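Could you slot chains D and R onto chain U? The hints should help.
These protein sequences, in sequence, are chains U, D and R. Our numbering puts the first residue of the first sequence at 1, with every later residue one more than the last. Our numbering puts the first residue of the second sequence at 1, with every later residue one more than the last. Our numbering puts the first residue of the third sequence at 1, with every later residue one more than the last.
To be clear, the hints were calculated from the coordinates, so they are not data collected in a lab. Because the structure is a prediction, the values reported are computed rather than measured. Note that beta-carbon positions come from the ideal geometry of N, C-alpha and C, so glycine has one too. Any given hint could be a false lead.
Counterexamples of contact, computed for chain D against chain R with all Cβ distances above 10 Å [stated by the list, open to error]:
1. Pro15
2. Thr16
3. Leu109
4. Phe115
5. Asp170
6. Thr175
7. Leu235
8. Leu245
9. Pro254
10. Leu257
11. Leu258
12. Gly273
13. Ser326
In silico DMTMM-like links for lysine to aspartate or glutamate, alpha-carbon gap of 20 Å or less [claimed, not checked]:
14. Lys70/U x Asp77/D
15. Lys70/U x Glu83/U
16. Lys221/U x Asp204/U
17. Lys70/U x Asp244/D
18. Lys238/U x Asp204/U
19. Lys60/D x Asp77/D
Across the chosen pairs, the derived CB separations fall in these ranges [claimed, not checked]:
20. Ser61/D x Trp112/R: 21 to 31 Å
21. Gly293/D x Arg241/R: 50 to 60 Å
22. Trp248/R x Gln86/D: 37 to 47 Å
23. Arg53/R x Asp170/D: 35 to 45 Å
24. Ile129/D x Trp248/R: 30 to 40 Å
25. Ser8/R x Ile129/D: 24 to 34 Å
26. Leu293/U x Ile129/D: 44 to 54 Å
27. Gln296/U x Ser8/R: 26 to 36 Å
28. Ile129/D x Pro267/U: 32 to 42 Å
29. Ile129/D x Gly142/U: 33 to 43 Å
30. Gly175/U x Thr177/R: 46 to 56 Å
31. Arg7/R x Arg196/D: 54 to 64 Å
32. Thr324/D x His158/U: 35 to 45 Å
33. Thr206/U x Arg7/R: 54 to 64 Å
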Amino acid sequence: MTPPPPSASAAPSGVESAIPPLLEIENLRVAIHARGARTPVLRGVGLRLEAGRILGLVGESGGGKTMVGKAILGVLPDSARIEAGAIRFEGRDLFCLPPRERRALLGGSIATILQNPMTALNPAYRIGDQVTDVLRLHAGLGRAEARQRALELLASVHIRAPERVLRLYPHELSGGMCQRVVISIAFACAPRLIIADEPTTALDVTVQHQILRLIRDLQRKTGTAVLFITHDLGVVAKVCDAVSVIHAGRILDAGPVGRIFSGDRHPYTEALLDAAPRYDRPESALRPVSPELRAQLERETTEFDRLEQAAREAARA
Amino acid sequence: MSAAALLRRLLLAIPTLFGVAVVVFVLLRVVPGDPIAMMVPGEATPEDVARLRASYGLDKSIVVQFGLYLGQLARGDFGVSISLKQEVLGLVLGRLPATLELAGVAITLALVCGFALALAAIFWRGSWIESAVDALNSVALAIPEFLWAMLLILAFAVLLPLFPISGRIDPMRATEFTTQFYLLESLARGEFALARELLGHLALPAASLALPLTAVIARVLKASLQEVMVQDYILLARVKGFSDLRILTREALPNALLPTITLTGVHFIFLVGGTVLVELIFAYPGIGNMLYGAASNRDLPLIQGVTLVFALLFILLNIAIELTYSLANPRLRR
Amino acid sequence: MARNALRSLARNPRFVFGATVLLTLVLVAAFAPWLAPHDPMAQSLLDQLLPPRWVKGGDPAFLLGTDTLGRDLLSRMIYGTRPALLVMVLGATLSGLAGVVLGMLAGFFGGWLDTLVSRTVDTFMAFPPMLLAIVLAAAMGPGLTTVVVSVVLIGWTRFCRVVRGEVLALREQEFVTSARTLGVSRARILFHELLPNLLPLVIVLLGLEMGRAIVVEAIMSFIGFSSSGLATWGSIIADSRSYINQAWWAMTYPIVAIIVAVLGLNALGDGLRQATDPVLQR
Numbered sequence: 001m002t003p004p005p006p007s008a009s010a011a012p013s014g015v016e017s018a019i020p021p022l023l024e025i026e027n028l029r030v031a032i033h034a035r036g037a038r039t040p041v042l043r044g045v046g047l048r049l050e051a052g053r054i055l056g057l058v059g060e061s062g063g064g065k066t067m068v069g070k071a072i073l074g075v076l077p078d079s080a081r082i083e084a085g086a087i088r089f090e091g092r093d094l095f096c097l098p099p100r101e102r103r104a105l106l107g108g109s110i111a112t113i114l115q116n117p118m119t120a121l122n123p124a125y126r127i128g129d130q131v132t133d134v135l136r137l138h139a140g141l142g143r144a145e146a147r148q149r150a151l152e153l154l155a156s157v158h159i160r161a162p163e164r165v166l167r168l169y170p171h172e173l174s175g176g177m178c179q180r181v182v183i184s185i186a187f188a189c190a191p192r193l194i195i196a197d198e199p200t201t202a203l204d205v206t207v208q209h210q211i212l213r214l215i216r217d218l219q220r221k222t223g224t225a226v227l228f229i230t231h232d233l234g235v236v237a238k239v240c241d242a243v244s245v246i247h248a249g250r251i252l253d254a255g256p257v258g259r260i261f262s263g264d265r266h267p268y269t270e271a272l273l274d275a276a277p278r279y280d281r282p283e284s285a286l287r288p289v290s291p292e293l294r295a296q297l298e299r300e301t302t303e304f305d306r307l308e309q310a311a312r313e314a315a316r317a
Numbered sequence: 001m002s003a004a005a006l007l008r009r010l011l012l013a014i015p016t017l018f019g020v021a022v023v024v025f026v027l028l029r030v031v032p033g034d035p036i037a038m039m040v041p042g043e044a045t046p047e048d049v050a051r052l053r054a055s056y057g058l059d060k061s062i063v064v065q066f067g068l069y070l071g072q073l074a075r076g077d078f079g080v081s082i083s084l085k086q087e088v089l090g091l092v093l094g095r096l097p098a099t100l101e102l103a104g105v106a107i108t109l110a111l112v113c114g115f116a117l118a119l120a121a122i123f124w125r126g127s128w129i130e131s132a133v134d135a136l137n138s139v140a141l142a143i144p145e146f147l148w149a150m151l152l153i154l155a156f157a158v159l160l161p162l163f164p165i166s167g168r169i170d171p172m173r174a175t176e177f178t179t180q181f182y183l184l185e186s187l188a189r190g191e192f193a194l195a196r197e198l199l200g201h202l203a204l205p206a207a208s209l210a211l212p213l214t215a216v217i218a219r220v221l222k223a224s225l226q227e228v229m230v231q232d233y234i235l236l237a238r239v240k241g242f243s244d245l246r247i248l249t250r251e252a253l254p255n256a257l258l259p260t261i262t263l264t265g266v267h268f269i270f271l272v273g274g275t276v277l278v279e280l281i282f283a284y285p286g287i288g289n290m291l292y293g294a295a296s297n298r299d300l301p302l303i304q305g306v307t308l309v310f311a312l313l314f315i316l317l318n319i320a321i322e323l324t325y326s327l328a329n330p331r332l333r334r
Numbered sequence: 001m002a003r004n005a006l007r008s009l010a011r012n013p014r015f016v017f018g019a020t021v022l023l024t025l026v027l028v029a030a031f032a033p034w035l036a037p038h039d040p041m042a043q044s045l046l047d048q049l050l051p052p053r054w055v056k057g058g059d060p061a062f063l064l065g066t067d068t069l070g071r072d073l074l075s076r077m078i079y080g081t082r083p084a085l086l087v088m089v090l091g092a093t094l095s096g097l098a099g100v101v102l103g104m105l106a107g108f109f110g111g112w113l114d115t116l117v118s119r120t121v122d123t124f125m126a127f128p129p130m131l132l133a134i135v136l137a138a139a140m141g142p143g144l145t146t147v148v149v150s151v152v153l154i155g156w157t158r159f160c161r162v163v164r165g166e167v168l169a170l171r172e173q174e175f176v177t178s179a180r181t182l183g184v185s186r187a188r189i190l191f192h193e194l195l196p197n198l199l200p201l202v203i204v205l206l207g208l209e210m211g212r213a214i215v216v217e218a219i220m221s222f223i224g225f226s227s228s229g230l231a232t233w234g235s236i237i238a239d240s241r242s243y244i245n246q247a248w249w250a251m252t253y254p255i256v257a258i259i260v261a262v263l264g265l266n267a268l269g270d271g272l273r274q275a276t277d278p279v280l281q282r
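This is chain U alone, in the form it adopts within the complex (with noise of 0.2 Å):
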């Protein structure tokens, strides 16, 4: 029987803080129900971002980690139900929000960026519009001082001839440039939160590596919390303040960044740390996590949902 995981804190390492996080989830339960089926997808999930930090967010494919990013943006799929949980930005519980405030929060306060860059922009409207038009609405600026704003907005990002592109289409761009369009329509409002998903896997790894850089100086100047979901430890290392581990829908390990890659961690992020492939070592092969590590994380999950089972049913009876 694991212990239980630590405090997911993105704060400095025993600092309690007294004022409330920007972003706390607490013991989050999603299911996806289609075809009369049930299935756990998040399973208790609870994590701490404090204002400013990063925190990564890490695990397999199929994990949860995008679960989590898309149930605090509120676009959860149809089928996905809401069981238990709360989650908490600047103190108020999203989930008891109306439509309005919460969409109102939105844009305004939190943004994401997302991992296709090509199928994140609308491709039936320039550039130009769709940066302008998240500035018109929660910003409130004219149409001639929102030009300018995504005319700096768009240098920011290091694209060069910002006017051009501007009357550009999004099939008209590289997928670096699109990314870094859709990193500066999630700056623009300066959120006090970005969500984001995967932002560098569809990308070529020299233009991983600068957008990486990108995200982190503008996080750097703005002063904006980030959650960095990814599957790829390498990045955590190089950018986050704080990480956790999430496998099957439960947090298994969570802590700063130092502590976790110096060796005080989970046997699981310890095999995900091993299964990266070593650019050092070409021919050594990729080490999957171990048969019997996965059989031992197989049955907690099972252990886990038959004691939920069994908390629910005593509720009904």
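For chains D and R alone, kept in the frame of chain U given last:
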């Protein structure tokens, strides 16, 4: 589409028109039944009949006739109607505006209703509204204009008399029109009462034509919107904080239009073809209606003339659809 | 595998509905003389314009009422299935045959043959369907033959276009190119490789075409270009128009019958496609 591309497209249409002319020409002449014999009074002598036949060129071989016909067409001469004894071109052009107005009103109706239904079904996704739209569509798709016309007559002329079921305008009205575009002219002149009456006469025939197209548009647009709504850029728009309505109409709809145009384009052409039957049912004086008298009388020049005009309409409509598609597609606009 | 297909068919509600409709049509048409209580042509001036039996004034001898000549509507409806079925089966099959053959040839061989066929398709599609039918009627005179020929001339282009597109796509796939390298004759490829893959699609189109054929027949008899005298659904609609103010119900029977027939045939094609398409089988 550039002017050069447009011209090329029009030129490509000529073989099709040619083909149409050939088909009609041949079909009509491989026929027992003599239009001349139907025209002449009983006491005419064989010489009179022969002379009449010669004047219509029906005494020559088919190939020669066709050659002469093509020559005439090139000069803009569509021949003279055997039964109505007037120039075919004049007759057809006289009735064409009525058919164009009917088709125009029907298309507008179909677009408005089709879009409204599809948008409503998506906006209220999962509710009874969506199910109702789906069910209505499934049934409506199986009903051709002919049956819609009958149902509408039943409903609105017999059970609930709201609309007239024949003609274009009340014959008792003494109004002077300068063009044959009654509806457009009355609107341009600001005579709204007159326009309302014209629309009343157009209501049932236009609805019969519009309903099948509405069902197709609603179904295709809804499916298209469904596909678009799960795209990443819609998610991003939601995160940006736009309202559901704005996302549907401004973010999703423009992207759903392209596949819709591709898939529904041909049905607009079917609608225009449907005027042939609907005009008969509602005794609406357009070019479709002219066909029946021409057919019963084996009035070859008139039948040919009407057929060619319809073929031309189809071709123009095809081009219009392609133009719309290239306008709507940002990848093609430059 | 055939047994599996049959079982999944039996479970598919669309197919069941469509098959029921088709079966009913066939049975009614076949047993019409036994099912119909009266001669559809028998006129009776005493029994004109009777309402259906369950309405006041109705006569139990005439379940659905009578028309303006005193003819029993039920019997006319029953006998009306015969021309409908004839046109439907004959017209759709011939139309499908012509379209599939030409489409396969055009798609497979390409070149001038393809150009010729495609241009012909374009030409025919430039005709409003009813216009073609009327011109044919002007040429051939009214009658069921004219109707069948109209259905074939109107419908073959649909089969041709779709089949041609499918063949173009299939032609490039591996199983065809490997057959060619093995030296299999082109005719064999057409029949043994391509045709089975086209069959599900063609069957769906057949279902739709049969529905369209019924409508064409109804329209033709409505206008008066089908065989006169025969009791057809279209002629019932046409007749009932003249006395619609006195007996509006007469029009509803053939309208409902046609709608149900078309819905049923569409569903039949749909159900067959769902059952035979491996992708959709879950």
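Violations among the numbered hints, reported as their numbers in ascending order: Going through the list in order, the structure violates hints 1, 2, 12, 14, 16, 21, 27, 28, 30 and respects the others.
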